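Go by the hints and put chain B onto chain A.
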Amino acid sequence: MSVLVDEDTRVVVQGITGGEGRFHTEQMIEYGTDVVAGAVPGKGGEEVAGVPVYDTVEGAVEAEDANTSVVFVPPAFAADAAFEALAVDDLDLVVTITEGIPTQDMSGVYQELQRTDTYMIGPNCPGIITPGVAKLGILPGNIFAEGNVGLVSRSGTLTYQVVDNLTERGLGQSTAVGIGGDPIIGTDFIDALELFEADPDTHAVVMCGEIGGEDEEAAARYIGEYMDTPVAGFIAGRTAPPGKRMGHAGAIVSGSGTGTAQSKIDALEGVGVPVGDTPEEVVDHVEDLL
Amino acid sequence: MKLHEYQAKEVFADAGIPTPDSKLASSVEEVLAAAEDVGYPVAIKAQVHVGGRGKAGGIELAEDEAEARAAAEAIIGMDLKGYHVETVLVEAAVDFVNELYVGVTMDRGEGQPVAMVSTRGGVNIEEVAAEDPEAIAREHVDPAFGMHPYQARKAVYDAGVSREVAGDVASVLATLYDLWDDKDGSDTEINPLMVTREGDVVAADAVMNIDNDALFRHPDLAEMEDEAAEDDLEAKANEYGFDYVRLEGNVGIIGNGAGLVMTTLDLVDHYGGAPANFLDIGGGAKAERVANALDMVFSDENVDAVVFNIFGGITRGDEVAAGINTALEQFEEIPKPVVVRLAGTNAEEGMEILNTDLVQVEGTLEAAVQAAVERAGEVAR
Numbered sequence: 001m002s003v004l005v006d007e008d009t010r011v012v013v014q015g016i017t018g019g020e021g022r023f024h025t026e027q028m029i030e031y032g033t034d035v036v037a038g039a040v041p042g043k044g045g046e047e048v049a050g051v052p053v054y055d056t057v058e059g060a061v062e063a064e065d066a067n068t069s070v071v072f073v074p075p076a077f078a079a080d081a082a083f084e085a086l087a088v089d090d091l092d093l094v095v096t097i098t099e100g101i102p103t104q105d106m107s108g109v110y111q112e113l114q115r116t117d118t119y120m121i122g123p124n125c126p127g128i129i130t131p132g133v134a135k136l137g138i139l140p141g142n143i144f145a146e147g148n149v150g151l152v153s154r155s156g157t158l159t160y161q162v163v164d165n166l167t168e169r170g171l172g173q174s175t176a177v178g179i180g181g182d183p184i185i186g187t188d189f190i191d192a193l194e195l196f197e198a199d200p201d202t203h204a205v206v207m208c209g210e211i212g213g214e215d216e217e218a219a220a221r222y223i224g225e226y227m228d229t230p231v232a233g234f235i236a237g238r239t240a241p242p243g244k245r246m247g248h249a250g251a252i253v254s255g256s257g258t259g260t261a262q263s264k265i266d267a268l269e270g271v272g273v274p275v276g277d278t279p280e281e282v283v284d285h286v287e288d289l290l
Numbered sequence: 001m002k003l004h005e006y007q008a009k010e011v012f013a014d015a016g017i018p019t020p021d022s023k024l025a026s027s028v029e030e031v032l033a034a035a036e037d038v039g040y041p042v043a044i045k046a047q048v049h050v051g052g053r054g055k056a057g058g059i060e061l062a063e064d065e066a067e068a069r070a071a072a073e074a075i076i077g078m079d080l081k082g083y084h085v086e087t088v089l090v091e092a093a094v095d096f097v098n099e100l101y102v103g104v105t106m107d108r109g110e111g112q113p114v115a116m117v118s119t120r121g122g123v124n125i126e127e128v129a130a131e132d133p134e135a136i137a138r139e140h141v142d143p144a145f146g147m148h149p150y151q152a153r154k155a156v157y158d159a160g161v162s163r164e165v166a167g168d169v170a171s172v173l174a175t176l177y178d179l180w181d182d183k184d185g186s187d188t189e190i191n192p193l194m195v196t197r198e199g200d201v202v203a204a205d206a207v208m209n210i211d212n213d214a215l216f217r218h219p220d221l222a223e224m225e226d227e228a229a230e231d232d233l234e235a236k237a238n239e240y241g242f243d244y245v246r247l248e249g250n251v252g253i254i255g256n257g258a259g260l261v262m263t264t265l266d267l268v269d270h271y272g273g274a275p276a277n278f279l280d281i282g283g284g285a286k287a288e289r290v291a292n293a294l295d296m297v298f299s300d301e302n303v304d305a306v307v308f309n310i311f312g313g314i315t316r317g318d319e320v321a322a323g324i325n326t327a328l329e330q331f332e333e334i335p336k337p338v339v340v341r342l343a344g345t346n347a348e349e350g351m352e353i354l355n356t357d358l359v360q361v362e363g364t365l366e367a368a369v370q371a372a373v374e375r376a377g378e379v380a381r
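Sequence order for the protein chains is A and B. Count the first sequence with this note's numbering and you get residues 1 to 290, in order. Count the second sequence with this note's numbering and you get residues 1 to 381, in order.
Possibly wrong hints are sitting among the right ones.
What the hints assert, rightly or not - Sample of chain A residues at the chain B side, in silico, Cβ under 10 Å:
#1 I101
#2 S153
#3 I184
#4 T239
Unchecked claim - Stretch by stretch, here's where chain A covers chain B in the computed footprint (C-beta under 8 Å, at least three residues):
#5 138 to 145
#6 174 to 187
#7 207 to 216
#8 261 to 269
Claimed, not checked - In silico DSSO-like cross-links for lysine-lysine, where the CA-CA straight-line distance does not exceed 30 Å:
#9 B:K81 - B:K55
#10 B:K236 - A:K244
#11 B:K2 - A:K244
#12 B:K286 - B:K336
#13 B:K55 - B:K2
#14 B:K81 - A:K244
#15 B:K2 - B:K81
#16 B:K336 - B:K236
#17 B:K236 - B:K81
#18 B:K23 - B:K2
#19 B:K336 - A:K244
#20 B:K286 - A:K244
#21 B:K55 - A:K244
The hints are simulated quantities; they were obtained by calculation from the structure and are not laboratory data. These figures come from a predicted structure and were not determined experimentally. Ideal placement from N, C-alpha and C gives every residue a C-beta, glycine not left out.
Chain A with its partners taken away, still in its complex shape (with noise of 0.2 Å):
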């Protein structure tokens, strides 16, 4: 078992004509990810890595019986490409990785998200991948490992910097899911967690979130709630002053006290998840909640 990814997923790349689009669909493809499609406008009929190009979405969900969808499609466009996707009633899950989409336009999307039952991972996040299944996105496959720690983080390179210690202690992922850094994400931590709380083969979580916005505070009310599952947390961002952009769109402290980590370390604190100053603490805990 996994979170969203499984042996059934199967996927169409909307944007893989495009330089990432293409060498990305080769890399997942490579991981062993059944890459069923693509979806470029007024590029129908074409190939790339052997897969064949629609022009819409919906054709290519009902040519070849895709259930999911990885977004390489630039950010003026990327919006339009989210919607597109949505319209499709097939469509289980959708990933959007592209980064810089302006945050009006994302709003929209998220408006829209909340009418269907679609999930939406990003934007401007690694992806998804259930190690030894399959991959969507960009992370590196080779770090990972098959086991039963779920990993749900905000970052691309800090969730590799945890996975990779987490690899080297022996400790597997069942799934591993950057939910992304913009201000507007579609799945959230408190969605990823309850995947996760539901999924008999995820022993362990650890959760990667960073200063800005209340997306932690909110999470660590929901472990307090419900989750039995145990949780292990990192926060990055404890030296950054407020009001600056710490890269990250979402990554700012409003300077009102609220967003910092602080504020996001005591609140997990405070329903027991405990929180590792380093990385390779955070791999400590794990250890000794499993």
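Structure of chain B alone, referenced to chain A:
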């Protein structure tokens, strides 16, 4: 991206929001001429991207020429929280009976815009929100429809704005929402929106911040960006296209990916050092970008040692190593010690290429940070 007050007021005035008469000035003589034009009393306001300008001495009222001269001499050229004041807005002072707040921003949690109105304008609205959240009326907007007129009226009535001006305030709020929507605003606000003795409303201040990711479709607004107002190194980072934030410490930090770079900063602090900066070279960086990053950090005189931490996903270790070599080989003597840690995609290839005469190599993030903190300590002594 932030607009200056005078720029935001131009945008607001064009859309029909009432603003006081005003003129821009950058010398004492220009201030006096402007004050004569708009008529005393005037407010003289520093145009820099700093919050709380009034408290910091960047805004003065002047009743006559003598006061205007004194205020202009004090403000033009002053250093306001690290920003050099070159320009002031000279504005007709408003004779007000009430100060309101109206604003539109994105509610991240709800993923939709929210319009806000309060009768407690003229003070820091974050403080009002913290101590008395009920004092701010909020109305969420579905971006597909925009703000319905009833929503603007409802927010104004909920906030307890007096009936005499409720219609005008609702109209200002509706216009502000449309501007926020049209211009890809992140935050827009009028604080205070003044109510005059005659019962008119006037935007006495104006904030308009634009989503950086949407600037590509607003070339007119992108042109208004005042890069000169920023720190020299931050201006250089803009030129190179890096996400960069300057801090106070002496350990320079270069990495890829916001979360991992923040973590590296935190580890420097954890091991007893002080981070000098946040610098994210982004995904898929090539050799030239790597060299530019080193140039940035070397040009910060506070930096005594550098930690270069890359965990490659789409970034390749061999590209990074080649970039580090190229950047360092041009120096007869390496300006500051550099500790490198490479992991992930093509890290092994990178390690083979890396010229270890020029840099110190460490195998883990923790070891690299500890080594850099130590080297910085040695240099500082």
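Checked hints:
| no. | hint | result |
| --- | --- | --- |
| 1 | I101 | 7 Å, holds |
| 2 | S153 | 7 Å, holds |
| 3 | I184 | 5 Å, holds |
| 4 | T239 | 5 Å, holds |
| 5 | 138 to 145 | holds (count 3) |
| 6 | 174 to 187 | holds (count 3) |
| 7 | 207 to 216 | holds (count 5) |
| 8 | 261 to 269 | holds (count 8) |
| 9 | B:K81 - B:K55 | 11 Å, holds |
| 10 | B:K236 - A:K244 | 17 Å, holds |
| 11 | B:K2 - A:K244 | 13 Å, holds |
| 12 | B:K286 - B:K336 | 22 Å, holds |
| 13 | B:K55 - B:K2 | 20 Å, holds |
| 14 | B:K81 - A:K244 | 15 Å, holds |
| 15 | B:K2 - B:K81 | 16 Å, holds |
| 16 | B:K336 - B:K236 | 19 Å, holds |
| 17 | B:K236 - B:K81 | 20 Å, holds |
| 18 | B:K23 - B:K2 | 20 Å, holds |
| 19 | B:K336 - A:K244 | 26 Å, holds |
| 20 | B:K286 - A:K244 | 26 Å, holds |
| 21 | B:K55 - A:K244 | 21 Å, holds |
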